[in-house]
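Chemist: Quick mapping for you: the protein sequence lines, in order, are chains C and B.
Going by full-length UniProt numbering, the first sequence opens with residue 1, and the numbers climb by one from there.
Going by full-length UniProt numbering, the second sequence opens with residue 1, and the numbers climb by one from there.
Think of the hints as simulated: they come from the structure by calculation, not from any bench.
Honestly, I wouldn't trust all of these hints.
[To be verified] SDA-like mimics (lysine to any residue), calculated; alpha carbons at most 25 Å apart, straight line: (1) B:K36 to C:Y32; (2) C:K36 to B:Y32; (3) B:K36 to B:T179; (4) C:K36 to C:G172; (5) B:K36 to B:Y69; (6) C:K36 to B:E119; (7) B:K36 to C:R12.
[Unchecked claim] So, partial list: chain B residues that the calculated Cβ filter (under 8 Å) puts toward chain C: (8) A31; (9) Q73; (10) L153; (11) T155; (12) L164; (13) P167.
None of these values were measured; they are calculated from a predicted model.
Virtual Cβ for every residue (Gly too), placed ideally from N, Cα, C.
Chain residues, written in single-letter form:
Protein chains: 2
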Amino acid sequence: MTSADPPRFIRRIPEGDDRERLTCLDCGHVAYENPKIVVGSVVELEGGVLLCRRAIEPRRGFWTLPAGYMEMQETVEEGALREAWEEARARLTLEGVLAVYSIARLGQVQVIFRARLAEPGFAAGPESLEVRRFDWDEIPWDALAFPSVHWALQTWREGAGAPLGAPAGNPGTDPRGATPLPGGVAL
Amino acid sequence: MTSADPPRFIRRIPEGDDRERLTCLDCGHVAYENPKIVVGSVVELEGGVLLCRRAIEPRRGFWTLPAGYMEMQETVEEGALREAWEEARARLTLEGVLAVYSIARLGQVQVIFRARLAEPGFAAGPESLEVRRFDWDEIPWDALAFPSVHWALQTWREGAGAPLGAPAGNPGTDPRGATPLPGGVAL
Ligand SMILES: [Zn+2]
Ligand SMILES: [Zn+2]
Numbered sequence: 001m002t003s004a005d006p007p008r009f010i011r012r013i014p015e016g017d018d019r020e021r022l023t024c025l026d027c028g029h030v031a032y033e034n035p036k037i038v039v040g041s042v043v044e045l046e047g048g049v050l051l052c053r054r055a056i057e058p059r060r061g062f063w064t065l066p067a068g069y070m071e072m073q074e075t076v077e078e079g080a081l082r083e084a085w086e087e088a089r090a091r092l093t094l095e096g097v098l099a100v101y102s103i104a105r106l107g108q109v110q111v112i113f114r115a116r117l118a119e120p121g122f123a124a125g126p127e128s129l130e131v132r133r134f135d136w137d138e139i140p141w142d143a144l145a146f147p148s149v150h151w152a153l154q155t156w157r158e159g160a161g162a163p164l165g166a167p168a169g170n171p172g173t174d175p176r177g178a179t180p181l182p183g184g185v186a187l
Numbered sequence: 001m002t003s004a005d006p007p008r009f010i011r012r013i014p015e016g017d018d019r020e021r022l023t024c025l026d027c028g029h030v031a032y033e034n035p036k037i038v039v040g041s042v043v044e045l046e047g048g049v050l051l052c053r054r055a056i057e058p059r060r061g062f063w064t065l066p067a068g069y070m071e072m073q074e075t076v077e078e079g080a081l082r083e084a085w086e087e088a089r090a091r092l093t094l095e096g097v098l099a100v101y102s103i104a105r106l107g108q109v110q111v112i113f114r115a116r117l118a119e120p121g122f123a124a125g126p127e128s129l130e131v132r133r134f135d136w137d138e139i140p141w142d143a144l145a146f147p148s149v150h151w152a153l154q155t156w157r158e159g160a161g162a163p164l165g166a167p168a169g170n171p172g173t174d175p176r177g178a179t180p181l182p183g184g185v186a187l
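Isolated chain C, as found in the complex (with noise of 0.2 Å):
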């Protein structure tokens, strides 16, 4: 098998686990499937926040915070300030997390902070269509790219101008994560 072949995959228990695990057909290497971190920020500014619309798939022109993967070799609070760069040119000042939220059904959690510009100024980074402030009465929620968007701009709402407090779970609502995007997005 070359590398330009995909591996091929099969699930099976490996000797002294207790369940099934992504194995490699053609080497046995066992691809330990984690659940993913996802870091992210709501921006505040000037009473509204910052919303970056999605250049890529999936959801691509829909609505999102600055947010994405974690990487190996950073913080939380370095890679939501990676995030926000790569995603809105913006360099923020962290407050705090705001919420942590569990999708199960994607296997990942996300950390969310609430945040304000360290320096004025933002843009559309490559992965960003567009970057806007909006005030709330602006918010395009059928727009919005993923159900953690919504949860996360709620509970900013909730908490605007008060210190932070415990951060917020999943809602009553989706309290795993389970609910799938409209449409039939397969994510």
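Got chain C; can you put chain B with the ligands on it based on the hints?
Modeler: Coordinates of chain B with the ligands only, in the frame set by chain C:
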């Protein structure tokens, strides 16, 4: 190469990516490394806390929180409850997130809850030699398994008796989780 042989990996930059990833020499499979999520709890009990003495390496014989790696298809809350049962045979009620720590050295994020027993009783699970309640002044500080156990216990103590506030992050003395373990333990 049979499945009994360990896979052989090199670091290289896959097409379309921007950093080095572990790549299998035999089949080209890219083992994307992502930060792993540890979920655990500081369990309050009669003014003290519950600790587990580790039955497994690393740090066998040292004391730790009931905590462990989050699995796919579960929420952070479900993971923390599962680990408390596996390690301390304790059924918990989670109050909320006490701390979110990053151990950049390991590519690890720890989501630590403040919790209490949902029903009486605890006992050593298969990964623990012993599970004990400690008053604050009995805590075996020199025999704690990991720096983050210190951090979480200190954070718990500072907020004991008060409603949960914004979660703690890493302490100022180790903002990135870079300090190795005592005695040169390779973790
Ligand atoms: Zn393989
Ligand atoms: Zn391989």
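Chemist: Does each hint hold? Answer for all of them.
Modeler: Hint check results:
Under the criterion of a C-alpha separation no larger than 25 Å, the hint pairing K36 of chain B with Y32 of chain C is consistent with the structure, at around 11 Å. Among the hinted pairs, K36 of chain C with Y32 of chain B is consistent with the structure: their alpha-carbon atoms are about 11 Å apart, no more than 25 Å. A C-alpha spacing of about 18 Å is found between K36 of chain B and T179 of chain B, which places the hinted pair at or below 25 Å, so the restraint holds. Restraint check: the Cα-Cα separation between K36 of chain C and G172 of chain C comes to about 22 Å, which is no more than 25 Å; the hinted pair holds.
Restraint check for K36 of chain B and Y69 of chain B: satisfied, since their Cα atoms lie roughly 7 Å apart, inside the 25 Å limit. Between K36 of chain C and E119 of chain B the alpha-carbon distance is near 32 Å, which puts this suggested pair outside the 25 Å criterion. Our distance criterion of 25 Å between C-alpha atoms is met by K36 of chain B and R12 of chain C, whose separation comes to about 21 Å. Annotation: A31 of chain B was flagged as interfacial toward chain C, and the flag holds, the nearest CB pair being 7 Å apart, inside 8 Å.
Proximity of Q73 of chain B to chain C holds as hinted, the smallest CB-CB distance being about 6 Å (cut-off 8 Å). A cut of 8 Å between beta carbons decides the hint on L153 of chain B: the least distance to chain C is about 18 Å, and the hint is violated. Annotation: interface hint on T155 of chain B violated; nearest CB of chain C at approximately 13 Å, more than 8 Å. About 4 Å separates the beta-carbon of L164 of chain B from the nearest beta-carbon of chain C, less than 8 Å, and the hint is met.
Residue-level restraint check for P167 of chain B holds (minimum Cβ-Cβ distance to chain C is 5 Å; threshold 8 Å).
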